[in-house]
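If you read the sequences in order, they're chains X and D.
Read in this note's numbering, the first sequence has 962 at position 157, and its numbers run on one by one without any break.
Read in this note's numbering, the second sequence has 1029 at position 224, and its numbers run on one by one without any break.
A portion of the hints provided could be inaccurate.
Each pair may be met inside one copy or between any two copies, as identical chains are not told apart.
Taking lysine to any residue and the SDA-like style, the derived pairs with C-alpha atoms no more than 20 Å apart in a straight line are [unchecked claim]:
(1) Lys1016 / Ile831
(2) Lys961 / Asn847
(3) Lys950 / Arg863
(4) Lys901 / Pro864
(5) Lys822 / Asp917
(6) Lys842 / Phe820
(7) Lys807 / Pro868
By construction, these hints were calculated from the structure, which means they are not laboratory data.
There are 2 protein chains.
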Amino acid sequence: MKISRIGEFGLIERFRKSISLDASVIKGSGDDCAVLKFDKNNYQLFTCDMLVEGVDFRPGTDPYLIGRKALAVSLSDIAACAGLPRYCLVSMALPKGISVERVDRLSQGIFDLAKAHKLNIVGGDLSRASRLSIDISILGSVEKKRLALRSGAKKKDIIFTSGPLGGSLRGRHLKFTPRLKEARFLAKNFKINSMIDISDGLAQDLGHILKESSAGAVIYERLIPLNKEARGLSDALYTGEDFELLFTLSRQEAKKLLNRRGNNFPPIGEIVEKKYGLRLVDKKGREKVILPRGFRHF
Amino acid sequence: MKISRIGEFGLIERFRKSISLDASVIKGSGDDCAVLKFDKNNYQLFTCDMLVEGVDFRPGTDPYLIGRKALAVSLSDIAACAGLPRYCLVSMALPKGISVERVDRLSQGIFDLAKAHKLNIVGGDLSRASRLSIDISILGSVEKKRLALRSGAKKKDIIFTSGPLGGSLRGRHLKFTPRLKEARFLAKNFKINSMIDISDGLAQDLGHILKESSAGAVIYERLIPLNKEARGLSDALYTGEDFELLFTLSRQEAKKLLNRRGNNFPPIGEIVEKKYGLRLVDKKGREKVILPRGFRHF
Chain X
806 MKISRIGEFG LIERFRKSIS LDASVIKGSG DDCAVLKFDK NNYQLFTCDM LVEGVDFRPG
866 TDPYLIGRKA LAVSLSDIAA CAGLPRYCLV SMALPKGISV ERVDRLSQGI FDLAKAHKLN
926 IVGGDLSRAS RLSIDISILG SVEKKRLALR SGAKKKDIIF TSGPLGGSLR GRHLKFTPRL
986 KEARFLAKNF KINSMIDISD GLAQDLGHIL KESSAGAVIY ERLIPLNKEA RGLSDALYTG
1046 EDFELLFTLS RQEAKKLLNR RGNNFPPIGE IVEKKYGLRL VDKKGREKVI LPRGFRHF
Chain D
806 MKISRIGEFG LIERFRKSIS LDASVIKGSG DDCAVLKFDK NNYQLFTCDM LVEGVDFRPG
866 TDPYLIGRKA LAVSLSDIAA CAGLPRYCLV SMALPKGISV ERVDRLSQGI FDLAKAHKLN
926 IVGGDLSRAS RLSIDISILG SVEKKRLALR SGAKKKDIIF TSGPLGGSLR GRHLKFTPRL
986 KEARFLAKNF KINSMIDISD GLAQDLGHIL KESSAGAVIY ERLIPLNKEA RGLSDALYTG
1046 EDFELLFTLS RQEAKKLLNR RGNNFPPIGE IVEKKYGLRL VDKKGREKVI LPRGFRHF
């Protein structure tokens, strides 16, 4: 049986069923980061992301942007849990004939973004491959009371994003700013019920929140903010790589956020009972069920 | 300039110079694991290793053994620091057409070895690639007083290994047992001055200890234990992938170890002043300087 038959998430489900975890693991596979016991007030966050040439970036891409993106996608996972990144390891498989200058630019893209977030690059591994790939794992931390997971969305929660969606594949996916600052602002000032970063598209990533929270959602086309590069709503729903935050707040917390002067977090819908699934209300007020599909590797 | 001009370790040196670390990093890049502050009595260990098809295993290799090896090499890094593995993340890039059965065997190889060491697999990432690759990062811990690094070798230390060397590439590299149990035994019962795992060959890995400890060494051909698969001393010195421990103890500690009934750690030489470099005394008593060369990716 080919893996395309069960797909990326089918594979992950299969893995999850085979794994046993001890009591120090607060949350294993299935969220943006693993959450581990740490000290009285804090958890540790542990996450990794792998980028492969030809899948996550085109062969001709500026190596500086490749390095930058490789780190940014992992930082975005830490942001999705409302954490702070602390340490990272960088594994790179480099083509044998690559020039030192290209490797320098690649690593400069990593170093500059790491520095901006006070992230310690504490090691890594070098290997050889026909195509360039980079895997970065990050260890971070979050106050217990501020941890945000996919699983806490509640009926009547308001759903927000941290910015406009869609069209990222036209170039923004190489230059996006991981929303660490925004996530920390939210976690310090509000009780976040659930959060994820939009890596695979709004529909699929909201679908993750709904699945983990046993909930449904209604989102409104007229409220979904589109990027100027987006060709339409379907770009926002299905193409992914936006790396904006998607989160839910209770009505009371949502009011607090919406009443702040200059609020930059647009509301796009609300959480409903699970039986309604994921619904979109279009600009003419027509409601339809949409599928939580989006980018998949297989 | 091609990277083969400066080589794998030249590249790593280049990276190390560009990186700044905060005070919570006890040891960054340049040892088997990064060492991070944790609590009063313990450090955290953080390490990763990437395996690539065609470099670290042949395309036809049983996927179970590939998965097993991918985890074993990272566990060996934790052993080299005398630590305990706790959590790991698994990133895999899979060829699009791979079967579910092969992925199941691959992950079973990881799961079985993880279980044997009570290691929690807490997440990972899946991607696509033309060739299979796996990168596993491990988070572990070690008591402050038991931490072993490459940098502590002292003049007159006795150099030991944990077992016979050479010939690993004939098959053992896919089935070796990471020396966690042995490392813990040593750390609990002796003061280890320096330690590393032999991944690139005795000459190169002893070279790492000497460089980090600003020391020299004399090793004796007649004392170096050879595996039955080894074709000769040069296999032990230069081919690598043995994943045995290489460590040094003061004379007093060495005596304690050598006097234990059934001691399984053969002594192979001693630490001398840096100016002597790395020297081998052959079976006829002739001494020669050897170069710390071994496996290199570039």
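Checked hints:
1. Taking the shortest Cα distances, lysine 1016 and isoleucine 831 sit within 20 Å of each other inside one copy (18 Å), while across copies they are farther apart (41 Å).
2. Taking CA atoms no more than 20 Å apart as the test, lysine 961 paired with asparagine 847 passes in neither setting, with 29 Å inside one copy and 45 Å between copies.
3. For a Cα distance limit of 20 Å, the shortest separation of lysine 950 from arginine 863 qualifies neither inside one copy, at 41 Å, nor across copies, at 48 Å.
4. In this assembly of identical chains, lysine 901 and proline 864 lie within 20 Å of each other by CA distance both inside one copy and across copies; the values are 15 Å within and 18 Å between.
5. Proximity of lysine 822 and aspartate 917 under a CA criterion of 20 Å is satisfied inter-copy only: 14 Å between copies versus 39 Å inside one chain copy.
6. When the C-alpha separation of lysine 842 and phenylalanine 820 is checked against a cutoff of 20 Å, the pair qualifies neither within a copy, at 22 Å, nor between copies, at 31 Å.
7. When the C-alpha separation of lysine 807 and proline 868 is checked against a cutoff of 20 Å, the pair qualifies only between copies, where the shortest distance is 15 Å, while the shortest distance within a copy is 33 Å.
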